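Colleague: What follows is the residue order along each chain.
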Amino acid sequence: MAVVAPPDFSEGSAAGTSRPAAVARLLATMGGEGMISRIGWTILSIGLFVGLWELCWLVGWADPKLLPPPHIFIGSIADQGKFFNTATRWQVGNAMTGGPSAFESVMITVAATTMRVFVGLLIATILGIGVGVLVRYFKLFDRLVLPTVTLLSPVSPIAWLPVAIFIFGIGNGPAIFMVVVALFFHMVLATVTQIDGVSNNLINVARTMGASKAQIYGRVIVPAILPGMLAVLRMNLFAAWMVVLIAESTGVGYGMGQVIMLARNTFNPSLVFFTIAVIGVLGFTFDWLLRQAQRRILYWLPDQTEKLRAL
Amino acid sequence: MPSDAPLSYSSKDAVVCRGVGKTWAAGTKRAHEALKDIDLDVKPGEFVVFLGPSGCGKSTLLYLIAGLEDATAGQIWSFRDKVEAPSPQRSLIFQETSLFPWLTVWENVSFGLSIRGASKEERRTVAKEALQRVGLTAAMDKRPDELSGGMRQRVAVARALAMRPQVLLMDEPFAALDVQTRARMQDFLLDVWRDSGASVLFVTHHIDEAVALADRVVVFTSRPGRIKTIVPIDMPRPRNLFSPEAEELRIQLTDLLRDEVDRAFAEQEALASAL
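First to last, the sequence lines map onto chains A and B.
Residue numbers for the first sequence follow this note's numbering, beginning at 377 and rising by one.
Residue numbers for the second sequence follow this note's numbering, beginning at -14 and rising by one.
To be clear, the hints were calculated from the coordinates, so they are not data collected in a lab.
Quantities reported herein were computed from a predicted structural model and do not represent experimental measurements.
Note that CB positions come from ideal geometry on N, CA and C, so glycine has one too.
It is possible that some hints are incorrect.
Okay, the calculated beta carbon distance ranges per label pair [claimed, not checked]: (1) B:A11 with A:M411: 42 to 52 Å; (2) B:V164 with A:L665: 47 to 57 Å; (3) A:L677 with B:K28: 20 to 30 Å; (4) A:Q591 with B:E18: 42 to 52 Å; (5) A:G586 with B:D22: 24 to 34 Å; (6) B:A161 with A:L677: 19 to 29 Å; (7) A:G427 with B:E81: 46 to 56 Å.
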């Protein structure tokens, strides 16, 4: 790996800014044999799963009306795509065949759900890390806020669903709110735990060099907790995908959750599995992008997987 | 010595301790006295080694002098200033790697300057100069995890030197290194010390290290840590560590420490059987 020029933490940006050079480096690391073999194994892993399913269908264990194998539910994409048009479905004056095409419908739905996940994740991350840092920074804030956060953190996001609708009604608001509320409390607690784990030596070095409290937080504690926080973020990414479906299924209007509900109500297993496949691919892509970002942002961490594989 | 000692001190000594004591978790059931009645004067440019069994409080004294912890008794001055908080005048070097892994070597070295808001050119110049003194200019743009343990400690020394400290505090800095590397690092440290003119306070539990480095060896008792005796070493440098003189010193220091280690062991055993 080429020596990378690190983002300049001294300018106050801990997370590293995106620049054309960073994109070029990202593309550079994407090539190579490691990448090809990883893709190969991914395809094999999915292929095995699909193969087993198809086999079950072939020997007659899986009823195609209930558990249609991939070649059936993917084969009927063109037919199923129109059901994604939940956006205009309920509008007066729109016929079933009117509005956007099947492909457009899928894209609109996917984009809407992805946007909600992304925005929710972004808000929860900023708020969670921000509040977590403030909790440790100000003692009063700690005493006032942490007990409530701890109290609310075990509450299932489903319990927040009525609250989301009370406050935000129908639309993007409640879905994003659900994602935020599902992640925020955990992010706060995770941030506090990470801060408590920062090496005393690093803090003491900064202290002996005359760093102020704010400088110690900005220059030492925040970069030191980044690796842990990105791991937490990755776990929460999946949680965000789960929660957004629940939120969407209760009448946000359109989105993947609506499609699943439609499939349920119309007894359409092909549509269910097709939607599940789309969600899987989206989640996988998001996770991959996050891992790439993680490797860029945490350039100083050695690659641990290689060591563990050698055991 | 009462703790309401004078608030100013006329001595120009690099470090002055008067009646210094430290009790951890004072006022609670778990309270235990780590240090007691420490009186110590360190001259500018002097190399003083703190020698004692593990857990005798010698590192604690270093932290007190650095200003990272508050003494619960007595007072500490450094060049007439009362020690109340950490200061760039007194740099502390730790046993474990304390480099920031997300910064390059030169950014680590100039961290203190960036705190003061120095420009990038200035920081790089100072870092280069400090790294020159530890012979690591070639590693300037590397990251800490690309360096060996010995190199990392040299970078830590360079980082301390970049602050132009008058007192260098070192908490068993070479303890994690192998024997050969440690011997090289001791020579290197003596060179740096001579060049910088700073006083060095060096904590170790290795008698050989004390004989190799010190102008004076401060021998500590075990809990609570007190100064048992101070052994001056006036062997000229570079020292022949195999000379009869050095051998005699080793025997003397070993004898001084043996009682303390025995006592510490007996105490630990008594504590274990009481549990």
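Colleague: Determine for every hint whether it applies to the structure shown.
Modeller: Hints, one by one, checked against the model:
| no. | hint | in the structure |
| --- | --- | --- |
| 1 | B:A11 with A:M411: 42 to 52 Å | 59 Å, violated |
| 2 | B:V164 with A:L665: 47 to 57 Å | 48 Å, holds |
| 3 | A:L677 with B:K28: 20 to 30 Å | 45 Å, violated |
| 4 | A:Q591 with B:E18: 42 to 52 Å | 34 Å, violated |
| 5 | A:G586 with B:D22: 24 to 34 Å | 31 Å, holds |
| 6 | B:A161 with A:L677: 19 to 29 Å | 21 Å, holds |
| 7 | A:G427 with B:E81: 46 to 56 Å | 51 Å, holds |
Checked against the numbered hints listed earlier, the structure breaks hints 1, 3 and 4; every other hint is satisfied.
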